[in-house]
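Trainee: Listed below are the residues making up each chain.
Protein chains: 2
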Amino acid sequence: MHLKELGELKLIKLIRKLSLTTFNPQIKVGIGDDCSVFNNGIVVTTDAYLEDIHFVKDYFSYRNIGKRAVCATLSDIAAMAAEPIAIFISALLPKDLKEKYLIDLYAGIKTIAKMFRTQIAGGDLVNYPKLGLILTAIGKAKHPKLRSQVKAGDYLYLTGYCGISETGRLALKFQLPQKEFMVAIKRHLTPIPRIYEALKLKKFIRGLIDTSDGLSTDCYHLATESQVKLKIFYEKLPIHPETFKLQKLLAQSNKDLIFNLALNSGEDYELLFSSPNDNLPKTIGNVKLTCIGKAERGRGVYLIKNNKEQPLTPKGYDHFSYSNKSFSSELNLF
Amino acid sequence: MHLKELGELKLIKLIRKLSLTTFNPQIKVGIGDDCSVFNNGIVVTTDAYLEDIHFVKDYFSYRNIGKRAVCATLSDIAAMAAEPIAIFISALLPKDLKEKYLIDLYAGIKTIAKMFRTQIAGGDLVNYPKLGLILTAIGKAKHPKLRSQVKAGDYLYLTGYCGISETGRLALKFQLPQKEFMVAIKRHLTPIPRIYEALKLKKFIRGLIDTSDGLSTDCYHLATESQVKLKIFYEKLPIHPETFKLQKLLAQSNKDLIFNLALNSGEDYELLFSSPNDNLPKTIGNVKLTCIGKAERGRGVYLIKNNKEQPLTPKGYDHFSYSNKSFSSELNLF
Numbered sequence: 000m001h002l003k004e005l006g007e008l009k010l011i012k013l014i015r016k017l018s019l020t021t022f023n024p025q026i027k028v029g030i031g032d033d034c035s036v037f038n039n040g041i042v043v044t045t046d047a048y049l050e051d052i053h054f055v056k057d058y059f060s061y062r063n064i065g066k067r068a069v070c071a072t073l074s075d076i077a078a079m080a081a082e083p084i085a086i087f088i089s090a091l092l093p094k095d096l097k098e099k100y101l102i103d104l105y106a107g108i109k110t111i112a113k114m115f116r117t118q119i120a121g122g123d124l125v126n127y128p129k130l131g132l133i134l135t136a137i138g139k140a141k142h143p144k145l146r147s148q149v150k151a152g153d154y155l156y157l158t159g160y161c162g163i164s165e166t167g168r169l170a171l172k173f174q175l176p177q178k179e180f181m182v183a184i185k186r187h188l189t190p191i192p193r194i195y196e197a198l199k200l201k202k203f204i205r206g207l208i209d210t211s212d213g214l215s216t217d218c219y220h221l222a223t224e225s226q227v228k229l230k231i232f233y234e235k236l237p238i239h240p241e242t243f244k245l246q247k248l249l250a251q252s253n254k255d256l257i258f259n260l261a262l263n264s265g266e267d268y269e270l271l272f273s274s275p276n277d278n279l280p281k282t283i284g285n286v287k288l289t290c291i292g293k294a295e296r297g298r299g300v301y302l303i304k305n306n307k308e309q310p311l312t313p314k315g316y317d318h319f320s321y322s323n324k325s326f327s328s329e330l331n332l333f
Numbered sequence: 000m001h002l003k004e005l006g007e008l009k010l011i012k013l014i015r016k017l018s019l020t021t022f023n024p025q026i027k028v029g030i031g032d033d034c035s036v037f038n039n040g041i042v043v044t045t046d047a048y049l050e051d052i053h054f055v056k057d058y059f060s061y062r063n064i065g066k067r068a069v070c071a072t073l074s075d076i077a078a079m080a081a082e083p084i085a086i087f088i089s090a091l092l093p094k095d096l097k098e099k100y101l102i103d104l105y106a107g108i109k110t111i112a113k114m115f116r117t118q119i120a121g122g123d124l125v126n127y128p129k130l131g132l133i134l135t136a137i138g139k140a141k142h143p144k145l146r147s148q149v150k151a152g153d154y155l156y157l158t159g160y161c162g163i164s165e166t167g168r169l170a171l172k173f174q175l176p177q178k179e180f181m182v183a184i185k186r187h188l189t190p191i192p193r194i195y196e197a198l199k200l201k202k203f204i205r206g207l208i209d210t211s212d213g214l215s216t217d218c219y220h221l222a223t224e225s226q227v228k229l230k231i232f233y234e235k236l237p238i239h240p241e242t243f244k245l246q247k248l249l250a251q252s253n254k255d256l257i258f259n260l261a262l263n264s265g266e267d268y269e270l271l272f273s274s275p276n277d278n279l280p281k282t283i284g285n286v287k288l289t290c291i292g293k294a295e296r297g298r299g300v301y302l303i304k305n306n307k308e309q310p311l312t313p314k315g316y317d318h319f320s321y322s323n324k325s326f327s328s329e330l331n332l333f
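So the protein sequences, as listed, match chains A and B. So for the first sequence, numbering that gives the first Met the number 0 puts the first residue at 0; every next one is plus one. So for the second sequence, numbering that gives the first Met the number 0 puts the first residue at 0; every next one is plus one.
This is chain A alone, in the form it adopts within the complex (with noise of 0.2 Å):
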């Protein structure tokens, strides 16, 4: 058996499988949420971030690449409702990289720190062929939410739009005009993290991810952790006019692409959480938050379309599958 016949998700579990029988009594949460949590609320993260993986130079400049590396790594401390205290960076570098680009790489990664106060505390650099940044975030917080805490009852929220990040993707891939798909092409290139959101949302929340993988997928690990049942009402996902707009310049005829752009594309990274409280307001600073769902005794996930409820199976992005390389190569349009 290859890796790539096992799949991300039976990989995750096997490799979880593999780590268990490590202990130490330090660690309160392990492998399985977003980052895991010491008994002193230190939450740890790690991330890569690599080159004709995770970007292509294409539509990156080297600050953009330092950006995004740290946010979607920060990402995962504001999936735990932490403050960030420090980053520490893997550095891969090809040994004819100009000094000035590996200047503007780390004025990017350090806006980004600096934006929320954390230090790049260590690293190490490896003279490698191909681009890379492997990220660990370390944070902090008294009461760190964790993927296994949506209760039956809960309603369920997200922060900001979901597909927009993939919708940003796309405006670039295909030269779309730029000012035409602004907010998503920023989104894309530069996902700040909800972390002052979180630390705002944190006393109604309960269950907390941050979306990644793609909402079906993300909802599928909230599901799983809190062993419930999560209800998803189509209507109510908030889509951005842009991906209405690049519906229409791309796919007029497939109307299945807003469907899977909001449902199976990855890297929002927005706050999916759920929270007792079904008034939550509907802005939290300039941050769309929307009611887009419902929690029940059960399990799984379920979308609710025209009155009509159906399983709703994780189709997000997959690391290792074939049938499922990509969202774009699993459509088939592009």
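These are calculated hints, taken from the structure and not from any lab test. What you are looking at is a predicted structure, and each value in this text was computed from that prediction instead of being measured. Where hints are given, some of them may not hold.
All copies of an identical chain are treated as equivalent in the list; a pair is satisfied when it fits inside any one copy or across any two copies.
[As the list claims (entries may be wrong)] With a cut-off of at most 30 Å between alpha-carbon atoms, the simulated DSSO-like pairs for lysine-lysine come out as follows:
no.: 1; residue 1: Lys12; residue 2: Lys113
no.: 2; residue 1: Lys16; residue 2: Lys97
no.: 3; residue 1: Lys113; residue 2: Lys9
no.: 4; residue 1: Lys94; residue 2: Lys12
no.: 5; residue 1: Lys12; residue 2: Lys293
We have chain A; now place chain B onto it with these hints.
Mentor: Only chain B this time, still in chain A's reference frame:
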């Protein structure tokens, strides 16, 4: 200017400068030591371990690759005289890797993690053409030992042997009879970190580093960070009989081989530390302990050989420079 022209020491200085403007009050020691240190005594290190850069699959089994990566990373925790708590693993995995090899890899990781009661507490999986492990280790110490704590008048100690790992690597590379190089090969394949030795010795230790880059470079780090002069007594360096054997077999006429192995070859992962005490035991557990030098007022590293004092320039492994790409190519011997 390209990175290869800068060289690693200058590159580290540049990155340090670029990172210095970021700040969080919970960080006590940032970039520049083996680990970063938080106010609460948490220490953090990150280390990349990549195919064809740090290891070749020719003589490393998957199990060995896993063991080796954890050993090297935990050695940085030993270099703070701290106790490890957890490791986080970003694994770059080719999608056609067989599941059983992944299980072997993790079995190796687990073996060392369990030896030091360290939990595999999180990570990230990426489908990547070449195998790689990027590890972050987190530990704790009441009083972490720093590179900057050597004082003039201190004695300099080294655990184990210098040049032993490179001896093992060369024995494997040139397919010399393995039973003649058992100690060296074992140290090269599985450099068990000196965690327990550091914890036993910590009451005697002032400045501390682990020998990963080669003794000359590691001494340079200690001297620079502590702002002292270090004198190394060449005749006192602990050189293993297998290293002499290697010289006999490979380069009878080249007397510099021993010199270069002892001073400029890396990855021994031994403790190099200073102590005000000139009378430490000759072994700690079953690991040799040798006084190899002294710290004085002044700057720089000097070698005392045949009663003559000469400057010792850092010539250990440089990941970026052309002229000093690796120990072996520098020697032009192999």
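Trainee: Is it within, between, both or neither when you check Lys16 against Lys97 at 30 Å Cα-Cα?
Mentor: Between copies only: 17 Å across, 43 Å inside.
Trainee: For the identical chains here, do Lys12 and Lys113 meet the 30 Å Cα criterion within one copy, between copies, both, or neither?
Mentor: between (36 Å within a copy, 20 Å between copies)
Trainee: Between the shortest in-copy and the shortest cross-copy C-alpha distance, which are at most 30 Å for Lys113 and Lys9: within, between, both, or neither?
Mentor: Cα proximity of Lys113 and Lys9: across copies only (24 Å, versus 37 Å in one copy).
Trainee: Is the C-alpha distance from Lys94 to Lys12 at most 30 Å within one copy, between copies, in both cases, or in neither?
Mentor: between (37 Å within a copy, 16 Å between copies)
Trainee: Can you tell me if Lys12 and Lys293 fall within 30 Å by alpha carbon in one copy, between copies, both or neither?
Mentor: Answer is within; shortest intra-copy Cα gap is 26 Å, inter-copy 52 Å.
Of the numbered hints listed earlier, not one is contradicted by the structure.
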